[in-house]
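Trainee: Chains as they are written, first to last, in the numbering used here: chain A, 1 to 287; chain B, 1 to 549; chain C, 1 to 329.
The hints are simulated quantities; they were obtained by calculation from the structure and are not laboratory data. Be aware that a few hints might be false.
When the alpha-carbon atoms are kept at most 30 Å apart in a straight line, the in silico DSSO-like pairs for lysine-lysine are as follows [unchecked claim]:
hint, chain 1, residue 1, chain 2, residue 2
1, B, K249, B, K259
2, C, K162, B, K249
3, C, K162, A, K172
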Amino acid sequence: MAAREFWKRHENLYFALTNKKVLIGISIFTLMILLAIFGPALTPYSYDEFAGEGYLPPSKDHLFGTTLMGKDVFTRTVYGLRSTFAVGFIAGTIATLIGCIIGFLAGYYGKWIDEALMMITNIFLVFPLLALLIILAAYLPYRGIMTISIIVGMTAWPWTARAVRSQTLSIKNQGYVNLSRISGISVFRILREDIAANMFSYVFMVYILQFSGTILAAVGLEFLGLGPTQGVSLGLVMQNAVNWNAIQLGLWWWAILPGLVLTILVVSLYFINTGLDEVFNPRLREM
Amino acid sequence: MAVILVFAFATVSLAYERSETLVYGGGLWGAPSNWNPLTPWAEVTGTGGLVYEKLFHYYPLSNEYQPWLAESGEWVTDNTYLITLRKGIKWTDGEEFNAEDVKFTFEIAKDNPLHYSNIWDWLTDIEVVDSHKLMFIFDNPHYQEWKQILYDLRIIPEHIWSKIPADELLTTANENPVGTGPYMADSWAQDRMIWVRNEDWWGNEVFGKPAPKNLVNLVVSGNNVALGMLMKRELDLSNFFIPGVPKIKDTFGLTTWYKGAPYMLSENVALLFLNTTKKPLDDVKLRRAMAFAINPEMISEKVFEEQVQVADPTGLFGKAWMEYHSEDVVDEYGFSYDPAKAKEMLEQAGYVDADGDGWRDAPDGTEMRFEIIVPNGWTDWMESIKIIANNLQEVGINAVPGFPDYSIYMDKIQQGTFDMVINNFGSSRSATPFTYWNWVASDEINGEIVTDGNYSRYDDPELFNLIDEFNVLQSDDPRAMEVAAEIQKKLLQAMPSIPLWYNGLWAQSTSQYWTNWPTENNPEGYPCTWAGKWQYGSIEMLINLKPAQ
Amino acid sequence: MGKYLSKKLLIYLITFFIAVTINWAIPRFMPGDPISILLSRFSGLEGGREIIEGQFVQSFGLNQPLLTQYFNFWRSLFAGDLGISIYVFPKPVINVIKEAIIYDIILLVPAIILSWIVGNKLGAYSGVNRKADNIMMPFFYFLTSAPYFWFAVVVAFIFGVKLAFFPISNAYSSTVQPGFNLPFIFDFLKHWFLPFLTLFLVQLGGWAIGMRNMIIYERSSNYSKYMESLGASDRLIRNYGFRNGILPQVTGLAIRLGTVVSGALLTEIVFSYPGLGYLMLRAILNQDYFLIQGCFLFIVIMVLAANFIVDIIYMIIDPRVRLSYSGEV
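Could you build the full structure based on these sequences and the hints that come with them?
Mentor: If you want it as structure tokens, here you go:
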């Protein structure tokens, strides 16, 4: 009886947990997180160690084979995955936060604040971000994971801002918010009680997309050689493979597997996102 | 789209027969844009050598000079050098080449700030004896430097360059280079430079005619592209360091200088500079101990797949330099990989782990932590310093690799804010070890920035004097041997920089269109298309090539 | 209509202004000295370097007051003068870029247009055919999730190395003679194909997913249900949905142009395809500040121009925008 009450109250959660896409996505995503957390402990090698012969295809000893110099590709992948998660988390959070704040302010206050903020947003939106990142990164001498995350995050927010603004607009004009406004409740409280509560699911989905978007942007930078100058990352592993002729020498395990892991991670995020979309938009659910 | 294409390629439209064309890459890094012989660091490779010729060529393998534009040259007195030029040489515009052109080439640097202007600090006058004879009169002849100038300086035509305004000397692209050489600029596109044979070249009768009618120098973006092109026989010759060559060279029929390891000739020496202005790197005992701790063998084996040779403790290599190599000095002061000995030396010098953190500390108890840097993206060096850092860690020295961007790398070198750095910019093979010593122990270390070598900023006036003295000694002077041994001894005793390995003259060739490449068994010519090195035998290679059947 | 366009134009102008200012400011306020870097690898006679360095600082105007430098920057920009490249010294940056940008256009325009059309068609099909949907959707997700450069590596490995159908570097072979002749055009297309395929496929996923969702949304709408109840065919309903779905997809195109251009830059690098991306990488590796700036500026201009074209297309196909433009930018 209580269980039924619970599911009735949390109808969306019920749909989410029974949605095939969400389940698949979450399973893969969890697997990846586990891999990133425990992977380094599982492999007997360290990131830069000469683990064995060079040019070895995948085998029991070397799940993803070895590089030209005999480093273990699996080990490199799991270490890289770790920092990829870090980038997605930091940059995704920054982008979502900025996007939400700007989007909310613009949507809620309207008028010239809206005009000005949307102008800025639109400018950022048409700016080719990778080009801007390249410029920034090229001139920043030492770069760590943190620096990369911050510059990626600072440039990835505009479409979030636009989306949040239109959501805010539509919620704002609903009766209960107007009621709260007329009764002189503070903006902060309206935000918290009326708007945030209604937008939570939406922002969560935005966050998922930002997570994957910023990961892709960061990996692109790393591949260009503009990633962290210190440390480890998936983009670096892939750039290394290309630079050391993995494609031409036929070391597909080195050139392709690390990127495959990344792609699967991003796919899992898309799955979660689309699944949730279906959960929150019943019209999509019918399919 | 077709319209765009036509528009884009309208500039280049002649046809080249592949069997008469040599396709190579590795020395051209961007769209061809500069044929100015006065800016050799920016010229399209081949401008000096294929078009603008030098007075002499120098063959590093036999250590011999080959008279080129000059017929002969000799010191007639201690301070006069007489050059006799060949007769019957013409610039490609038909004007005759004579002594006035040579004189002009030197004197233009007297009146304008050019990269070789400093020669006038020790050169007094040039007298044209007759149309093909010149006397160079020096007040303080730098014999060793002169040896290099003879084969380095691109001789330019007076009738053209005297008309170029002074402020354009460095900025002109010189798109129609007029030289005396075996090839002429034919055309270029964003990704290639095409040279065409000069059928009227004076050398055709003297040395023989270069075999390829056309040279196509491709802009190849990196070693991975070069490897792909070699595999498909699209490149006849590549001058890249290519990982994997030892593994696949037989499968794909690639020719390298040596059949087996080390595959390549040595071209320059990579050194680890230790910043002697930083404590405790100012302690020679620490520096020497480090030399014993590093395992260049492992670098050669793992990173370069044995394509490089481990360096001699003196850093010297090649016939010209090795003539001055002192066995005795190496026996007494040399070093080799011996971690046990390194540890022992460190213990004795007081480098022990005082605070128990697992790393050795300086004798005065301060913690030691060093960063070894190379530019980000220089993948072979990046892997190398990881090994070096590991080696040092194994003997208890806390060293970590760092990969700043190139600009920062250079900045740190110039400002002296680094701990340890790998570099080889001034250690290229030459006719005299002076060029190497003058770079590795340059005395230009007291300026605001250091740019001429000796990044360690090792300050030893005696050493500097010895190097200067070597410069003003004739090569056959017995004193030169003594000075050379003394220089080697001082460098090894003080160890401001550690010679580690010899970077190779990376060269891989295919035999689909051309054969008879220079190799250890056929040492005619020098398989090199890098800028500024054509006088080492690349022209001879072109002459000796044979079309494949 | 006028208001819509002028507002858009204003945004583009401001963006351009900011881009130029960033462009001007960054190299001047960041550490590292471009001139000394340029000469760092040149070892000549002692002291020769300093002499030349002085000459360069003067000719690049780096010794003037900042404000003067800024105004000069704008002035020379309008004169089409972006400075002189250091990496391909002494070629004017504008000429270097002109030669490269052709390759971007040849690559991007067909890839964008074709993948938009094919992606939308496939998506629409997937939206009404459940069986096809189950097979195609995971594939579309995979495509849209793949980083461009990684996908390029995969394509290069499969088609270039394993099957060896296509070359994996450069824009044309060293052996053919550029010109308007069949062997060259054939060779050029062979080199063009893999980078094109990469860009085409990675984008395809996104368009297909977008259109599929749109169709499903439309199908569940009341008017579709009404049509269904009247016995309209699947095809007819799909067509209606498709027409309604197209508009958001055009907007989507505008939003994603930046990403696509970025993707093209990375793809060019994998295939050593001599467009702006490849050029920019070389410029970065050689610390050619003037060339980096030039590339950046042209990428911005390219994206702005493309955005503007999309705006106009949008205006033409959506009469509502033409008639009443208000609020939303």
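Trainee: Which hints from the list above does the structure break, by number from lowest to highest?
Mentor: Hint check: 3 fails alone, others pass.
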